[in-house]
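J.: Spelled out from the first residue to the last, the chains are:
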Amino acid sequence: MFSKNPLRKRQRLGSLIGIGIGIIIYTILPLKQSEEYLSLGPMNTGHEGLSCNACHTDAKGNLIQQIQSNISYTFGMRKTLADFGTENVDNKKCLECHDRPNDRHPTHRFLEPRFKEAIANINATECETCHREHNETRVFLANANFCMNCHYDLEVKNDPIDVPHETLIAEKQWSTCLQCHDFHGNHIYEVAEKIKDTIPLQQIQAYLKGGIDPFSDKKKHLPLSEEEWLKIKNKYTSK
Amino acid sequence: MNHLKIKGIFFSLLSYILITAQSCGGVPEETSADTSASDKVFAVADILTLVAEENDITRTLYTKGIVGAGKKQGLKFDEDWQDDDVEAGPLPALFLRGISSDIRKSDIPLGLYLGSDFPINASNKFQGKQAELFKKIKADQKPQHFYEEDQKLYTSMFADLAVAAPCVNCHNDHKSTTKTDWKLGDVMGATTWQYPSDSLSYKEAIGVINAYRNGTKAIYTAYLEEIAAFKIDSTKPEIGNKWPSKGFYLPTADVFVDSVRKLASYHSLEKLLLADTHKKKQTEGLASN
Chain A
1 MFSKNPLRKR QRLGSLIGIG IGIIIYTILP LKQSEEYLSL GPMNTGHEGL SCNACHTDAK
61 GNLIQQIQSN ISYTFGMRKT LADFGTENVD NKKCLECHDR PNDRHPTHRF LEPRFKEAIA
121 NINATECETC HREHNETRVF LANANFCMNC HYDLEVKNDP IDVPHETLIA EKQWSTCLQC
181 HDFHGNHIYE VAEKIKDTIP LQQIQAYLKG GIDPFSDKKK HLPLSEEEWL KIKNKYTSK
Chain B
1 MNHLKIKGIF FSLLSYILIT AQSCGGVPEE TSADTSASDK VFAVADILTL VAEENDITRT
61 LYTKGIVGAG KKQGLKFDED WQDDDVEAGP LPALFLRGIS SDIRKSDIPL GLYLGSDFPI
121 NASNKFQGKQ AELFKKIKAD QKPQHFYEED QKLYTSMFAD LAVAAPCVNC HNDHKSTTKT
181 DWKLGDVMGA TTWQYPSDSL SYKEAIGVIN AYRNGTKAIY TAYLEEIAAF KIDSTKPEIG
241 NKWPSKGFYL PTADVFVDSV RKLASYHSLE KLLLADTHKK KQTEGLASN
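If you read the protein sequences in the order shown, they are chains A and B.
Just so you know, we're using the working numbering here: the first sequence kicks off at 1 and counts up by one.
Just so you know, we're using the working numbering here: the second sequence kicks off at 1 and counts up by one.
In isolation and in its complexed conformation, chain A is listed as follows:
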């Protein structure tokens, strides 16, 4: 009845090629070997070799449910956005492996109103402010002088160091803090009592960028490996 359009054959061929490429992408991209190409950048120190889904865990619901929820949110029919695809990587996710009872500066401490001004300068309530991932580093910040935001009026009685803290603060020597003090307090080491015996600033800077740990190779608590984390996760989710 109708004559076939000669372009129909090309249309079909194009569709088939498109579907074929789609299937190949859909199959290859989720493979472990492809993660390197999907990553926003090289992983931070200590995270090399982690699977994407160690942090980017699947969001709740299927994709259609997530779209529906977010459309509902757009029209004011629900209070919160739903995670799309994968869950948001927040402090909770970091703490699943890095939670330590001896953390000297846990993120939640900075939620108190008294740290409001300090938080405006450096948001210490979020792990990623300092440890933003996919940067092949330990600490993402350009300068290691962040201690000044809270300790600008520090007074140390019976100061044990030869150049008193008062002098260091008056001279704004904020980069010297880390030469003695490990921010999260997990290293086991002897703190120097003379400035000349402290860890040189270059070594601290190299460490923050992902280099050798100058504090100590001994730590009080070790983070969970991906295998240990998975084991615990499966234990509590399989029931």
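Everything labelled a hint here was simulated from the structure, so no lab data went into it.
Be aware that a few hints might be false.
[To be verified] Listed next, the in silico BS3-like pairs over lysine-lysine satisfying Cα-Cα at most 25 Å (straight line): (1) Lys105(B) - Lys116(A); (2) Lys172(A) - Lys209(A); (3) Lys157(A) - Lys183(B); (4) Lys235(A) - Lys32(A); (5) Lys116(A) - Lys136(B); (6) Lys116(A) - Lys183(B).
[Claimed, not checked] Which chain A residues stay away from chain B? Per the calculated CB distances, all over 10 Å, these: (7) Leu29; (8) Ala59; (9) Leu154; (10) Glu155; (11) Val156; (12) Val163; (13) His184; (14) Ile188; (15) Ile199.
[Claimed, not checked] Sample of chain A residues at the chain B side, in silico, Cβ under 10 Å: (16) Arg78; (17) Lys92; (18) Lys93; (19) Lys172.
Idealized CB from N, CA, C, for every residue including glycine.
With the hints as your guide, set chain B onto chain A.
T.: Relative to chain A, chain B alone:
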């Protein structure tokens, strides 16, 4: 043409049904959406007061029964109690910080902090609004309830009193103290509590109390674990049913927490029930109008 139209309508309908069946109401919200406004029987200030009172009981018991009596038996307490080369237990302020940390690990959005105008650790010094309100608390010992606009959190501050001799002695004698004339009964500082909602349901109120109690157990358990790691056996007290007042003993976490519950539960239950009675009366009053 009609045939094509019917086909189009059929496929549209099929797609719609499939999408609806697949999505089935979307992803459930993780808020307290299941709690209707009528279930919110507690004002946030009342629940924060209730849990602050539990905190007073817990900390008094820990300060008097563990720190005070324990020191007489040779037990040590230190701010660096978790350092590898320090064999000691948490000082009361750090005991509270331990509770606070554990609460933060739970899903209950409760914040708990301790501060002062003369803290041993400078980072615990009140600033800004908290410092202003603390002056009032020092004068009349009455709690201060306010809404922290920037954080969008309901906030309450309660006086933290020098309830036992160890509070006064330790703070006066501490090498880094900023004040050496503390006396029993002084307002040494204040606890600050925060919660994101102005009212709570029963479930939420119980959640707050349980988060606090679980925090108490967690920090006390951490203390016992620290003792287990002491290098010299003779420095480890016997852990069981007995308290340091009877000798070189420490209660287990269960014994300690049970003692707190015995002291706190009656008062807490009364407050919860009173709120329920008050709510019912309000509802009956409205119905008769």
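J.: Hint by hint, note whether the structure agrees.
T.: Structure-based check of each hint:
Among the hinted pairs, Lys105(B) with Lys116(A) is consistent with the structure: their alpha-carbon atoms are about 21 Å apart, no more than 25 Å. Restraint check for Lys172(A) and Lys209(A): the C-alpha separation of about 23 Å stays at or below 25 Å, so the hint holds. Of the pairs offered as hints, the one joining Lys157(A) and Lys183(B) holds, with about 22 Å between alpha carbons and a cut-off of 25 Å not exceeded. Among the hinted pairs, Lys235(A) with Lys32(A) is consistent with the structure: their alpha-carbon atoms are about 23 Å apart, no more than 25 Å.
As the CA atoms of Lys116(A) and Lys136(B) are separated by approximately 21 Å, the hinted pair is consistent with the 25 Å bound. Using a Cα cut-off of 25 Å, the hinted pair Lys116(A) and Lys183(B) is violated, with the two alpha carbons roughly 32 Å apart. No beta-carbon of chain B comes within 10 Å of the beta-carbon of Leu29(A); the shortest separation is about 23 Å. For Ala59(A), the non-interface assignment is contradicted: its Cβ lies about 8 Å from the closest Cβ of chain B, within the 10 Å cut-off.
A beta-carbon of chain B is positioned within 10 Å of the beta-carbon of Leu154(A); the least distance is around 5 Å. The Cβ of Glu155(A) sits about 6 Å from the closest Cβ of chain B, inside the 10 Å cut-off, so the non-interface label is violated. With 10 Å as the threshold on Cβ separation, the claim that Val156(A) sits away from chain B is violated: the shortest Cβ distance comes to roughly 7 Å. With 10 Å as the threshold on Cβ separation, the claim that Val163(A) sits away from chain B holds: the shortest Cβ distance comes to roughly 19 Å.
Separation of His184(A) from chain B is adequate, the least Cβ-Cβ distance of about 12 Å exceeding the 10 Å criterion. Not every CB of chain B lies more than 10 Å from the CB of Ile188(A), the least distance being 5 Å, so the non-interface label is violated. The Cβ of Ile199(A) lies farther than 10 Å from every Cβ of chain B, with a closest approach of about 18 Å, so its non-interface assignment holds. The restraint placing Arg78(A) at the interface with chain B holds, with a minimum CB-CB distance near 6 Å, inside the 10 Å limit.
Given the 10 Å rule on beta carbons, the hint for Lys92(A) holds: about 9 Å separates it from the nearest Cβ of chain B. Interface hint at Lys93(A): violated, since its Cβ lies 13 Å from the closest Cβ of chain B, which is beyond the 10 Å cut-off. With 10 Å as the threshold, the beta carbon of Lys172(A) stays out of range of chain B, its nearest partner Cβ sitting at about 17 Å, so the hint is violated.
Checked against the numbered hints given earlier, this structure breaks hints 6, 8, 9, 10, 11, 14, 18, 19; the rest are met.
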